[in-house]
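Since chain P is already given, all that's left is putting chain S on it; use the hints.
Number of protein chains: 2
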Amino acid sequence: MGNQHQPIGMFDSGVGGLTVFNELARILPGEDIIYLGDTARVPYGTRAAKTIIKYSLENTRFLIDQGIKVLVVACNTSSAVSLPTLTHYYGIPVLGVIEPSARQAVSITKNRRIGVIGTEGTIKSAAYETTIHALDPRVRVFSHACPLFVPLAEEGWTDGPVVQLTAQRYLTPLVEENVDTLVMGCTHYPILTSPIMGCLGPDVQLVNSAQETAKDVANILEERNVARPRASGGTYRFYVTDNPERFRKVATHFLATRLTQVDEIGA
Amino acid sequence: MGNQHQPIGMFDSGVGGLTVFNELARILPGEDIIYLGDTARVPYGTRAAKTIIKYSLENTRFLIDQGIKVLVVACNTSSAVSLPTLTHYYGIPVLGVIEPSARQAVSITKNRRIGVIGTEGTIKSAAYETTIHALDPRVRVFSHACPLFVPLAEEGWTDGPVVQLTAQRYLTPLVEENVDTLVMGCTHYPILTSPIMGCLGPDVQLVNSAQETAKDVANILEERNVARPRASGGTYRFYVTDNPERFRKVATHFLATRLTQVDEIGA
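Protein chains in written order, with the working numbering: chain P, 110 to 376; chain S, 110 to 376.
Chain P on its own, in the form it takes in the complex (with noise of 0.2 Å):
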């Protein structure tokens, strides 16, 4: 691992992995951050593995020759199926959404009956159940794939009748199974955090995998001394693969302020 000068980088396939980095620049202001987004070949949910594999490798490549200290995998269907090559091929620390948000879920649950909702990849992956079961297999995991919730977030109907039947329809089969908690598993769904809180009512616990995740770079970089320090500010870039006027607009349903720049790099 290099210094606590370096960036840490990050890619998703998308606009979805901003939740993660909101969360990052949060609780980590002093740091540099890097952010590339993959929109040549988004979205990675209804690609077959090999493909992801393939693409993920080439957004680590580019994030590697810039210099990164750390990698965040902030895209669960990316985490689901190409951490393990991802880890294997680079020397530096990559940290995925999926182990967090499966710790936090098996750590919160009482009747050890937890959901999961993904997109078509992750939820075929079954990264979830097999990461919940290493760690407890008393735990029952019921999964949802929930295709219409990236474009519904995507086009910013983040409220009204349209999501709140979308959600009610892919979350009752979950709440019929009695899950005391559910894990968004996909950086898009924070932004959904109130329709699917509506659809579950006050007595499940949600799990934000962009929150979890960012706990644990968080500690990763404290516990090999590389952490830079808060007063410092942090500076970002961000890139894609194509069309960065739509990621910036997109964008805005996802940060706070505005994007001023976002270059394009060949997908």
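Calculated from the structure, these hints are not laboratory results. From a predicted model like this one, the values you see are computed outputs, not experimental measurements. Be a bit skeptical, because a hint or two may be false.
No copy is singled out in the list; a pair is fine if it fits within one copy or between any two copies.
Straight-line C-alpha distance at most 20 Å; calculated PhoX-like pairs for lysine-lysine [said to hold, decoys possible]:
1) Lys358 <-> Lys159
2) Lys163 <-> Lys358
3) Lys324 <-> Lys159
4) Lys159 <-> Lys233
5) Lys233 <-> Lys163
6) Lys233 <-> Lys358
7) Lys324 <-> Lys219
8) Lys324 <-> Lys233
9) Lys159 <-> Lys219
10) Lys233 <-> Lys219
11) Lys358 <-> Lys219
12) Lys358 <-> Lys324
13) Lys219 <-> Lys163
14) Lys324 <-> Lys163
Only chain S this time, still in chain P's reference frame:
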């Protein structure tokens, strides 16, 4: 142009073009058809124009190599931005879905107020406005991007409250503009005909780009004397650039029959 025994080639970014395939197979039952879905890079609707042109050229190259006699660009987004380039580079007839639909819309409108719905890419390109105005500059065109229609169609939510409310939200501005004709400017949309009609009421006529394009293909084969006799019976080949399993699954919402073989090629 080749001979009658050569196949028709068509491509789309994914499954949407299957609505065009359906119409082609229905009105030209003697023709062999090769369908390519660029599922590794779907959707085109949110990509930059230069990216869509690059992908379209690659798709065309693959189909040309299969010895096709005519190319159908069964994707509105690709037709909107890449048709001039494709026509320029290749020596076979290339048909898009926009011109046939624009022509039909202009011929049936009475009040010269035409609505157009499509992906962000198609609407932003203003290809329908340009084509319609070239045919009749007195027509007023009202366009609206409907990004949620494609994921709804692929999820198979083609009736029920979610799609109805979504259609209402997208189409009300066009209804208020008093359009008497609406072009479904995305090859996914024909499977949403019923909820779309539900919002428009009986006085608005719908233009189905799949149907209009198939008629144009039939005409051009006839004119050039390379149509294959109906009695010969067509054979079909389906290729995708990723995840044939998902293509087969989603295709069930689009095709009357179940696809047995879908081959994967490199993107």
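Cross-check of the supplied hints:
| no. | hint | verdict |
| --- | --- | --- |
| 1 | Lys358 <-> Lys159 | between (30 Å within a copy, 19 Å between copies) |
| 2 | Lys163 <-> Lys358 | neither (27 Å within a copy, 24 Å between copies) |
| 3 | Lys324 <-> Lys159 | neither (29 Å within a copy, 39 Å between copies) |
| 4 | Lys159 <-> Lys233 | within (14 Å within a copy, 33 Å between copies) |
| 5 | Lys233 <-> Lys163 | within (18 Å within a copy, 31 Å between copies) |
| 6 | Lys233 <-> Lys358 | between (30 Å within a copy, 14 Å between copies) |
| 7 | Lys324 <-> Lys219 | neither (22 Å within a copy, 62 Å between copies) |
| 8 | Lys324 <-> Lys233 | neither (27 Å within a copy, 40 Å between copies) |
| 9 | Lys159 <-> Lys219 | neither (37 Å within a copy, 52 Å between copies) |
| 10 | Lys233 <-> Lys219 | neither (26 Å within a copy, 50 Å between copies) |
| 11 | Lys358 <-> Lys219 | neither (41 Å within a copy, 37 Å between copies) |
| 12 | Lys358 <-> Lys324 | neither (28 Å within a copy, 39 Å between copies) |
| 13 | Lys219 <-> Lys163 | neither (39 Å within a copy, 53 Å between copies) |
| 14 | Lys324 <-> Lys163 | neither (28 Å within a copy, 41 Å between copies) |
In the structure shown, a violation is registered for the earlier hints numbered 2, 3, 7, 8, 9, 10, 11, 12, 13, 14, in ascending order.
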